[in-house]
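The chain contents come next:
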Amino acid sequence: MISVFQIFRVLIGLIVFMFVISFFLRIADMYSYTQTMGNKIDAVNNFDYTAMQTYTSGNPSEFPGFKDFETVVYEPPKIKSDAGQKTLTVPVFFMPTKGEVSLERSCLDFGWFRWCCVFAFPKSAKVLFTIGENTPETRALIRKVVENLPGSLEFGFCDGTDARSSDRTQFLLYLDGSAGTTHRPCEAILPDYCKLVTINASAGFSSRIKENHIKINPSSRDVYEFNQSGFPESRRYRDWMDIAVFITGGVKALDYRNSDFSQELAASAGIMHERSLLVQQRIKDYNRQPCLECSTPLPQACGWTDQGGAAHESTAYRDFISSLQRLKSALTSGEYQSQLDDTALKYDELKNQGCES
Amino acid sequence: MKSQADVMEYLVLVIMIMLIAFFVLLLVFGFQLFTAGSEQAVAKERRSLFLLQSIISSNMLNNPQYQTGSVFDDSKLTVIRCEDIEKLFGEDAWINITVLKDESVCDNVAPEWRKRNCIKALKEEANTLCTTNNYPKCNVWTFCGENKKERMIYRSIPVNIHRKINGTIELGVLTVGVPGGA
Chain A
1 MISVFQIFRV
11 LIGLIVFMFV
21 ISFFLRIADM
31 YSYTQTMGNK
41 IDAVNNFDYT
51 AMQTYTSGNP
61 SEFPGFKDFE
71 TVVYEPPKIK
81 SDAGQKTLTV
91 PVFFMPTKGE
101 VSLERSCLDF
111 GWFRWCCVFA
121 FPKSAKVLFT
131 IGENTPETRA
141 LIRKVVENLP
151 GSLEFGFCDG
161 TDARSSDRTQ
171 FLLYLDGSAG
181 TTHRPCEAIL
191 PDYCKLVTIN
201 ASAGFSSRIK
211 ENHIKINPSS
221 RDVYEFNQSG
231 FPESRRYRDW
241 MDIAVFITGG
251 VKALDYRNSD
261 FSQELAASAG
271 IMHERSLLVQ
281 QRIKDYNRQP
291 CLECSTPLPQ
301 ACGWTDQGGA
311 AHESTAYRDF
321 ISSLQRLKSA
331 LTSGEYQSQL
341 DDTALKYDEL
351 KNQGCES
Chain B
1 MKSQADVMEY
11 LVLVIMIMLI
21 AFFVLLLVFG
31 FQLFTAGSEQ
41 AVAKERRSLF
51 LLQSIISSNM
61 LNNPQYQTGS
71 VFDDSKLTVI
81 RCEDIEKLFG
91 EDAWINITVL
101 KDESVCDNVA
111 PEWRKRNCIK
121 ALKEEANTLC
131 TTNNYPKCNV
141 WTFCGENKKE
151 RMIYRSIPVN
161 IHRKINGTIE
171 LGVLTVGVPG
181 GA
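From first to last, the protein sequence lines are chains A and B.
Each residue of the first sequence is one higher than the last, beginning at 1 in the numbering used here.
Each residue of the second sequence is one higher than the last, beginning at 1 in the numbering used here.
Please note that the accuracy of each hint is not assured.
[Unchecked claim] Derived EDC-like pairs (lysine to aspartate or glutamate); straight-line CA-CA distance at most 16 Å:
hint: 1; chain 1: B; residue 1: 87; chain 2: A; residue 2: 264
hint: 2; chain 1: B; residue 1: 44; chain 2: A; residue 2: 42
hint: 3; chain 1: B; residue 1: 87; chain 2: A; residue 2: 260
hint: 4; chain 1: A; residue 1: 40; chain 2: B; residue 2: 39
hint: 5; chain 1: B; residue 1: 137; chain 2: A; residue 2: 285
hint: 6; chain 1: B; residue 1: 149; chain 2: B; residue 2: 92
hint: 7; chain 1: B; residue 1: 120; chain 2: B; residue 2: 107
hint: 8; chain 1: A; residue 1: 328; chain 2: A; residue 2: 342
hint: 9; chain 1: A; residue 1: 80; chain 2: A; residue 2: 70
hint: 10; chain 1: A; residue 1: 67; chain 2: A; residue 2: 42
hint: 11; chain 1: A; residue 1: 98; chain 2: A; residue 2: 133
hint: 12; chain 1: B; residue 1: 120; chain 2: B; residue 2: 103
hint: 13; chain 1: A; residue 1: 328; chain 2: A; residue 2: 264
hint: 14; chain 1: A; residue 1: 98; chain 2: A; residue 2: 109
hint: 15; chain 1: A; residue 1: 67; chain 2: A; residue 2: 82
[What the hints assert, rightly or not] Label pairs and their calculated CB-CB ranges:
hint: 16; chain 1: B; residue 1: 18; chain 2: A; residue 2: 45; range: 32 to 42 Å
hint: 17; chain 1: A; residue 1: 173; chain 2: B; residue 2: 67; range: 25 to 35 Å
hint: 18; chain 1: B; residue 1: 17; chain 2: A; residue 2: 30; range: 49 to 59 Å
hint: 19; chain 1: A; residue 1: 33; chain 2: B; residue 2: 128; range: 51 to 61 Å
hint: 20; chain 1: B; residue 1: 67; chain 2: A; residue 2: 144; range: 17 to 27 Å
hint: 21; chain 1: A; residue 1: 357; chain 2: B; residue 2: 116; range: 29 to 39 Å
hint: 22; chain 1: B; residue 1: 114; chain 2: A; residue 2: 333; range: 48 to 58 Å
hint: 23; chain 1: B; residue 1: 128; chain 2: A; residue 2: 62; range: 43 to 53 Å
hint: 24; chain 1: A; residue 1: 33; chain 2: B; residue 2: 17; range: 21 to 31 Å
hint: 25; chain 1: A; residue 1: 349; chain 2: B; residue 2: 111; range: 32 to 42 Å
hint: 26; chain 1: B; residue 1: 67; chain 2: A; residue 2: 30; range: 24 to 34 Å
hint: 27; chain 1: A; residue 1: 263; chain 2: B; residue 2: 134; range: 24 to 34 Å
To be clear, the hints were calculated from the coordinates, so they are not data collected in a lab.
Everything numeric in this text was worked out from a predicted model, so none of it was measured.
A virtual CB, placed ideally from N, CA and C, is assigned to each residue, including glycine.
Make a model of the complete structure from these sequences and hints.
Written as structure tokens, this is what we have:
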């Protein structure tokens, strides 16, 4: 006969067993969630670190991808995923993917100022061009954009339903040989991670493709993309870098590029302005009292010029300083491109005179 | 009495099981916390390395002639301020660049009066913090000195410094510090 105690023992044993099992299951679940989340946070941090390495070294690199992620969205400079959101340390333009990513640095160089960013594309990504009016300027613009996007991308043309792509070198050869060729509006079925770029198209030139389709109008320097409602959203572009950025991330990426670029430019213009004033002053001082220990001193023309036997203050640095001053004023209005080009020109003059290396 | 003793024995067993479970949990989550701590240390190490790499490759501090970086322009170093450093490279960093010089650099200077001038100039410049007033007769640049704390991760590397006015390239040491460390 089973005693009351034995029944009690069995019941207690069952309750404890159930409790312990549910407790461990819950802990195991929590542990696995923490572990998965930790791995995802690590993946995002590693992506940031890979971008930082590419940015500082200039060497292209690869990132294995966000394999276990449910969502990966990039709203520059933030990467949003199921692991939360993280602001990337360096300017990155990323076409989101869960697969392998190729990263490559591109820079805009104005002599005294250089701005760099990292382009991050899915390894299998393609960029297809449809050219409405094929002019040398259009081809030069395409060449500049293609040369500065990651070399792992495939580039090609879309003509009606015919879409073909190849590696960068091959594409650039096709591009050179495409003088005079015009394309019909693209109607091909585009694969994943493919961007269609329609360039220099006339008013009647229209394609039904709206998703991942951008348009460039070099005469008005406008770029368009279709927003989620299917309406075109446009921005003005300044240079090839704007187009490369627009291809990667559309309007949001271009807005981020402009804000980051102008912030860095403003800081750099301030530094360069003060530095040029300092150098101008010291060159004058040293020209008055020649430096005996100097190995290769700056040419005297950087400080003083000899005009009819009398020493006159050189305009070399003065022109560059005035140009920087105008750039600083133009930066507040946002219309600074021509002034920036002018500073680059003045800096080139300084280099030609041997005042800058 | 025996039944009571059996129940007690049973309860003790249950408590023991619970204690073991508790210790297992402590071990597991302790390991998690340890991993999180080491990840934080890795993040700080990465930050210091990135800061170092950014500084030596920055166009705003280096001579643009040397695209690979690591050749600082002394006139740029003299005018740049802590606010600029924070804008360009992030906050909390401490940076120091010191030109390494000893009297042996004057060994090959001739004639004797020039050599004396050279040694005199070296002594004047030794450990002199660069400002716009004493430039270029100085050899130390320090940025964001107020950020320097005891607990920092420091990294140092040899760098070149292009002396803008006299056109020479000198050897120096770049040291960066970021918060963290043991």
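Evaluation of the provided hints:
This hinted pair checks out: residue 87/B and residue 264/A have alpha carbons roughly 8 Å apart, not beyond 16 Å. Our distance criterion of 16 Å between C-alpha atoms is met by residue 44/B and residue 42/A, whose separation comes to about 14 Å. Note on residue 87/B and residue 260/A: the hinted pairing holds, with a Cα-Cα distance of about 11 Å set against a maximum of 16 Å. Proposed proximity of residue 40/A and residue 39/B is supported: the alpha carbons are some 13 Å apart, at most 16 Å.
At roughly 13 Å between alpha-carbon atoms, residue 137/B and residue 285/A fall within 16 Å of each other, so this suggested pair holds. Distance hint between residue 149/B and residue 92/B is fulfilled; the C-alpha atoms sit about 10 Å from each other, no more than 16 Å. Using a Cα cut-off of 16 Å, the hinted pair residue 120/B and residue 107/B holds, with the two alpha carbons roughly 13 Å apart. Simply put, residue 328/A and residue 342/A have alpha-carbon atoms about 12 Å apart, close enough for the 16 Å limit, and the pair holds.
Taken as a hint, the residue 80/A and residue 70/A pair is honoured in the structure, with Cα atoms around 11 Å apart against an allowance of 16 Å. Between residue 67/A and residue 42/A, the direct Cα distance comes to roughly 12 Å. Compliance with the 16 Å bound is thereby established for this hinted pair. Restraint check for residue 98/A and residue 133/A: not satisfied, since their Cα atoms lie roughly 36 Å apart, outside the 16 Å limit. Using a Cα cut-off of 16 Å, the hinted pair residue 120/B and residue 103/B holds, with the two alpha carbons roughly 10 Å apart.
Our distance criterion of 16 Å between C-alpha atoms is met by residue 328/A and residue 264/A, whose separation comes to about 12 Å. As the CA atoms of residue 98/A and residue 109/A are separated by approximately 32 Å, the hinted pair breaks the 16 Å bound. For the given pair, residue 67/A sits about 12 Å from residue 82/A by alpha-carbon distance, which is consistent with the 16 Å threshold. Taken as a hint, the range 32 to 42 Å holds for the pair residue 18/B and residue 45/A, whose Cβ atoms sit roughly 37 Å apart.
Roughly 28 Å separates the CB atoms of residue 173/A and residue 67/B, a value that falls within the hinted 25 to 35 Å. Remark: the range hint 49 to 59 Å for residue 17/B to residue 30/A is contradicted by a beta-carbon distance near 20 Å. The hint said 51 to 61 Å for the Cβ distance between residue 33/A and residue 128/B, and at roughly 58 Å that hint holds. Against the hinted window of 17 to 27 Å, the Cβ-Cβ separation of residue 67/B and residue 144/A comes to about 19 Å, which satisfies the hint.
Separation of residue 357/A from residue 116/B is about 31 Å and conforms to the stated range, judged on CB atoms against 29 to 39 Å. Here the CB-CB span from residue 114/B to residue 333/A is close to 53 Å, well matched to the stated 48 to 58 Å. In this structure, residue 128/B and residue 62/A meet the distance hint of 43 to 53 Å, their C-beta atoms being roughly 47 Å apart. Checked against the hint of 21 to 31 Å, the C-beta distance between residue 33/A and residue 17/B comes to roughly 25 Å, which is consistent with it.
At roughly 38 Å, the beta-carbon separation of residue 349/A and residue 111/B lies within the given 32 to 42 Å, and the hint holds. Between residue 67/B and residue 30/A the beta carbon distance is about 51 Å. The supplied range of 24 to 34 Å is therefore violated. Taken as a hint, the range 24 to 34 Å holds for the pair residue 263/A and residue 134/B, whose Cβ atoms sit roughly 31 Å apart.
Hint check: violations occur at hints 11, 14, 18 and 26; the rest are consistent with the structure.
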